[in-house]
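Trainee: Kindly generate the complete structure, drawing on both the sequences and the hints.
There are 2 protein chains.
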Amino acid sequence: MCAYHALSEAEAIEYARRLPDLFAANSELVSREIGDGNLNLVFHISEPSSGKSIILKQALPYAKVVGESWPLTLDRARIESEALMIQEALCPDLVPHVHAYEPELALTVMQDLSDHVIMRRGLMEGNKYPLFAEHISRFLAHTLFFTSDLGMNQQEKKARVKQFVNPELCKITEDLIFDDPYTNSPNNNVPPAIQDAVEAVWNDKELHLEVALLREKFLVQAQALLHGDLHTGSIFIKPESTKVIDPEFAYYGPMGFDIGAVFANLLLNYAAQEGWSQDASSRQDFRAYLLNTVRDIWVGFDRQFRTLWNEQGNDRMFKTEGFQDAYMTRLLQDTFGYSGCKMVRRVHGLAQVADINKLEDAAAKERAQRIALQIGTSLIKHNRKAASIEELLDIAVKAVQ
Amino acid sequence: MCAYHALSEAEAIEYARRLPDLFAANSELVSREIGDGNLNLVFHISEPSSGKSIILKQALPYAKVVGESWPLTLDRARIESEALMIQEALCPDLVPHVHAYEPELALTVMQDLSDHVIMRRGLMEGNKYPLFAEHISRFLAHTLFFTSDLGMNQQEKKARVKQFVNPELCKITEDLIFDDPYTNSPNNNVPPAIQDAVEAVWNDKELHLEVALLREKFLVQAQALLHGDLHTGSIFIKPESTKVIDPEFAYYGPMGFDIGAVFANLLLNYAAQEGWSQDASSRQDFRAYLLNTVRDIWVGFDRQFRTLWNEQGNDRMFKTEGFQDAYMTRLLQDTFGYSGCKMVRRVHGLAQVADINKLEDAAAKERAQRIALQIGTSLIKHNRKAASIEELLDIAVKAVQ
Numbered sequence: 001m002c003a004y005h006a007l008s009e010a011e012a013i014e015y016a017r018r019l020p021d022l023f024a025a026n027s028e029l030v031s032r033e034i035g036d037g038n039l040n041l042v043f044h045i046s047e048p049s050s051g052k053s054i055i056l057k058q059a060l061p062y063a064k065v066v067g068e069s070w071p072l073t074l075d076r077a078r079i080e081s082e083a084l085m086i087q088e089a090l091c092p093d094l095v096p097h098v099h100a101y102e103p104e105l106a107l108t109v110m111q112d113l114s115d116h117v118i119m120r121r122g123l124m125e126g127n128k129y130p131l132f133a134e135h136i137s138r139f140l141a142h143t144l145f146f147t148s149d150l151g152m153n154q155q156e157k158k159a160r161v162k163q164f165v166n167p168e169l170c171k172i173t174e175d176l177i178f179d180d181p182y183t184n185s186p187n188n189n190v191p192p193a194i195q196d197a198v199e200a201v202w203n204d205k206e207l208h209l210e211v212a213l214l215r216e217k218f219l220v221q222a223q224a225l226l227h228g229d230l231h232t233g234s235i236f237i238k239p240e241s242t243k244v245i246d247p248e249f250a251y252y253g254p255m256g257f258d259i260g261a262v263f264a265n266l267l268l269n270y271a272a273q274e275g276w277s278q279d280a281s282s283r284q285d286f287r288a289y290l291l292n293t294v295r296d297i298w299v300g301f302d303r304q305f306r307t308l309w310n311e312q313g314n315d316r317m318f319k320t321e322g323f324q325d326a327y328m329t330r331l332l333q334d335t336f337g338y339s340g341c342k343m344v345r346r347v348h349g350l351a352q353v354a355d356i357n358k359l360e361d362a363a364a365k366e367r368a369q370r371i372a373l374q375i376g377t378s379l380i381k382h383n384r385k386a387a388s389i390e391e392l393l394d395i396a397v398k399a400v401q
Numbered sequence: 001m002c003a004y005h006a007l008s009e010a011e012a013i014e015y016a017r018r019l020p021d022l023f024a025a026n027s028e029l030v031s032r033e034i035g036d037g038n039l040n041l042v043f044h045i046s047e048p049s050s051g052k053s054i055i056l057k058q059a060l061p062y063a064k065v066v067g068e069s070w071p072l073t074l075d076r077a078r079i080e081s082e083a084l085m086i087q088e089a090l091c092p093d094l095v096p097h098v099h100a101y102e103p104e105l106a107l108t109v110m111q112d113l114s115d116h117v118i119m120r121r122g123l124m125e126g127n128k129y130p131l132f133a134e135h136i137s138r139f140l141a142h143t144l145f146f147t148s149d150l151g152m153n154q155q156e157k158k159a160r161v162k163q164f165v166n167p168e169l170c171k172i173t174e175d176l177i178f179d180d181p182y183t184n185s186p187n188n189n190v191p192p193a194i195q196d197a198v199e200a201v202w203n204d205k206e207l208h209l210e211v212a213l214l215r216e217k218f219l220v221q222a223q224a225l226l227h228g229d230l231h232t233g234s235i236f237i238k239p240e241s242t243k244v245i246d247p248e249f250a251y252y253g254p255m256g257f258d259i260g261a262v263f264a265n266l267l268l269n270y271a272a273q274e275g276w277s278q279d280a281s282s283r284q285d286f287r288a289y290l291l292n293t294v295r296d297i298w299v300g301f302d303r304q305f306r307t308l309w310n311e312q313g314n315d316r317m318f319k320t321e322g323f324q325d326a327y328m329t330r331l332l333q334d335t336f337g338y339s340g341c342k343m344v345r346r347v348h349g350l351a352q353v354a355d356i357n358k359l360e361d362a363a364a365k366e367r368a369q370r371i372a373l374q375i376g377t378s379l380i381k382h383n384r385k386a387a388s389i390e391e392l393l394d395i396a397v398k399a400v401q
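Line order of the protein sequences matches chains A and B. The first sequence begins at 1 in this note's numbering and counts up by one. The second sequence begins at 1 in this note's numbering and counts up by one.
Some hints could be false.
[As the list claims (entries may be wrong)] What follows is a set of in silico ranges between Cβ atoms, one per label pair, in the way DEER data are often shown: (1) Tyr62(B) with Asp112(A): 46 to 54 angstroms; (2) Ala193(A) with Ala387(B): 25 to 33 angstroms; (3) Glu321(B) with Asp196(A): 18 to 26 angstroms; (4) Arg316(B) with Ala288(A): 38 to 46 angstroms; (5) Glu321(A) with Ala351(B): 21 to 29 angstroms; (6) Glu321(B) with Lys52(A): 53 to 61 angstroms; (7) Tyr62(B) with Lys162(A): 22 to 30 angstroms; (8) Ala351(B) with Pro61(A): 46 to 54 angstroms; (9) Ser281(B) with Ser388(A): 54 to 62 angstroms; (10) Glu321(A) with Tyr62(B): 34 to 42 angstroms.
[Stated by the list, open to error] One side of the interface only, derived from the structure: several residues of chain A facing chain B at Cβ under 7 angstroms: (11) Asp149; (12) Lys171; (13) Asp179; (14) His208.
Calculated directly from the structure, the hints in this document are not laboratory data. Note that CB positions come from ideal geometry on N, CA and C, so glycine has one too.
Mentor: Encoded structure:
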């Protein structure tokens, strides 16, 4: 079973059986392929006699997006498993445990999280997660601080940069997030109802300059090991637990890109409340919950990040008076900018979001799309002027008034 | 001869004789070790019968600096030879030709440049090099543009970043340039005569913040493949030819660091004219030559870099209106900052410069040191406000008034 090939359900069982210390010898195992087949095979292997289960995730050598198929490196399985292990060392409760990684098969054996739900779906169902802000702000503070020059040996960090060079998956981000949405690209999926607003995006030169600057920063700034795709579809959640999954886009980039991904997806759901909420009062209530979550994440992140820096940072120059404040301000500004980019691409780019696209009422969907574009473009244009998280919340509030 | 060991002169001849197409079979070869023995062995191998000669440069597994010896990776020989080959492909006339590279021996066989002189020495002897500005601005524009995301495939660039991860040599820069000079570090060599001025540097918080920001950019900004140590001791010159040598500090960093290294070393010589010039008139004349050279380099670099961008850049987003101007302004600002850092460390840091240190007149030397510190600290403090190269020249002029 050494040469790479896509596993069958039976082979997945055979492989799982050979893993040490997981299942009883000769017990019955059940295998079910539960992936969507776009990028990976995902086998759920369970042992009915004990109730134990694991996930085998195998990368496929191609990606299927809207019917097309293109080759995609299997190295992303290595990147994903190595990133997960680094994240687990820093925040053991916030990522799935990796039992094993098999390079030849591009296969990662990890904790089964079937008792959690995908956060995007949870939010669409109107659930609130009061612990999420604490969990994700801790995840962000610890993974970003301790993989950066602030929090780790600066020579070892350079080796990490090398370990996580990830050209093919970065290319997807560079094109689909930072390029296509700002021009009439065949990769876009423009909803006809908002053609006018999308064309305004295509013609907005002030916006384009800011996006070009943010894209360049994504290309050159090796600040910390990012998750790289931290939307609410990459988060498994239940009330008492949050698990960040799928870091196959991990690479060394600007910290604000990860924080912005979280904010953008909360704000996309905020926009989509045009359709999900039953009435004005519940809409207002859920939107307030989402904005409070954004605020709590930033405030919690800022506090924890500075505490780690002050208590565990051992770089003399980074303790220079004024440096930390300048750094955190720039990080907030990047967060504004990347939040905006991550929203805009989800409205009329190639890959959109269920929060908006599953809305059945056409008028509500159109309003949600326009609100998302309004917030996204405002955040992008405001990014280099941002000085407080409250400005982000104000932009969101104004867009629905 | 495969396992690494330091070659003898006789072994160097034996090695050279086996190189194809260089020397006649069985002809007499002469070997002379001409390195300073601090970091590398440098063998000059010549064939008296033909007048042909080559250089064999072998990295030593340690560095000797002021009597101390510390281990230093042999991988720098690979980095140097690979950087030279990339530079040669871009500017064939401006670097020595690499005949061969032998990884096992950390040995590079390259063109003999004995007919050139080290530029630092040339300037100390009062020579002017009217073609230098054209040569070095072309070297900078081509090597920086074509190794950046602006001028090469952005996925291949990521592989280049990986190829040139260079932790040990970057560490030397991070400590000796961006840290030690700003604190009372045992690595400094503080000239007693300027103790007061050095202490002012140690206590200047505005300066420290700017240095911390520049150092952070050096740590995270993978903008282009830098030479990494582009001072006038890394340049071989004669009136009609310029050759940039010794890129063992090469890594992906901020472009302004290379441009700043050139400016800093011209300005250190400018400061040192306190002692080298015979009289006020020749001092003024040589200083004007140096400042004109700085201006010509920036203007030539800016023109060529923009031309390459406009004519050969194939990235849609980088053609966004306003982006190029914003990029070039930031590059100028980085150049100010790194010029300043490269000057300050040469006054009272570990490694200083002959331009100043060889001055025999103590008063002239002290004046030169104070001028260099004045220019360096002013450039650093001004860096984020800089808008034109003329401001750099003004700072230099004011420092000698």
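Trainee: Next step is simple, just say for each hint if it's right about the structure.
Mentor: Okay, the hints, checked on the actual structure:
{"no.": "1", "hint": "Tyr62(B) with Asp112(A): 46 to 54 angstroms", "in the structure": "52 angstroms, holds"}
{"no.": "2", "hint": "Ala193(A) with Ala387(B): 25 to 33 angstroms", "in the structure": "46 angstroms, violated"}
{"no.": "3", "hint": "Glu321(B) with Asp196(A): 18 to 26 angstroms", "in the structure": "22 angstroms, holds"}
{"no.": "4", "hint": "Arg316(B) with Ala288(A): 38 to 46 angstroms", "in the structure": "40 angstroms, holds"}
{"no.": "5", "hint": "Glu321(A) with Ala351(B): 21 to 29 angstroms", "in the structure": "28 angstroms, holds"}
{"no.": "6", "hint": "Glu321(B) with Lys52(A): 53 to 61 angstroms", "in the structure": "59 angstroms, holds"}
{"no.": "7", "hint": "Tyr62(B) with Lys162(A): 22 to 30 angstroms", "in the structure": "24 angstroms, holds"}
{"no.": "8", "hint": "Ala351(B) with Pro61(A): 46 to 54 angstroms", "in the structure": "51 angstroms, holds"}
{"no.": "9", "hint": "Ser281(B) with Ser388(A): 54 to 62 angstroms", "in the structure": "58 angstroms, holds"}
{"no.": "10", "hint": "Glu321(A) with Tyr62(B): 34 to 42 angstroms", "in the structure": "37 angstroms, holds"}
{"no.": "11", "hint": "Asp149", "in the structure": "5 angstroms, holds"}
{"no.": "12", "hint": "Lys171", "in the structure": "6 angstroms, holds"}
{"no.": "13", "hint": "Asp179", "in the structure": "6 angstroms, holds"}
{"no.": "14", "hint": "His208", "in the structure": "5 angstroms, holds"}
Of the numbered hints stated above, the single one contradicted by the structure is hint 2.
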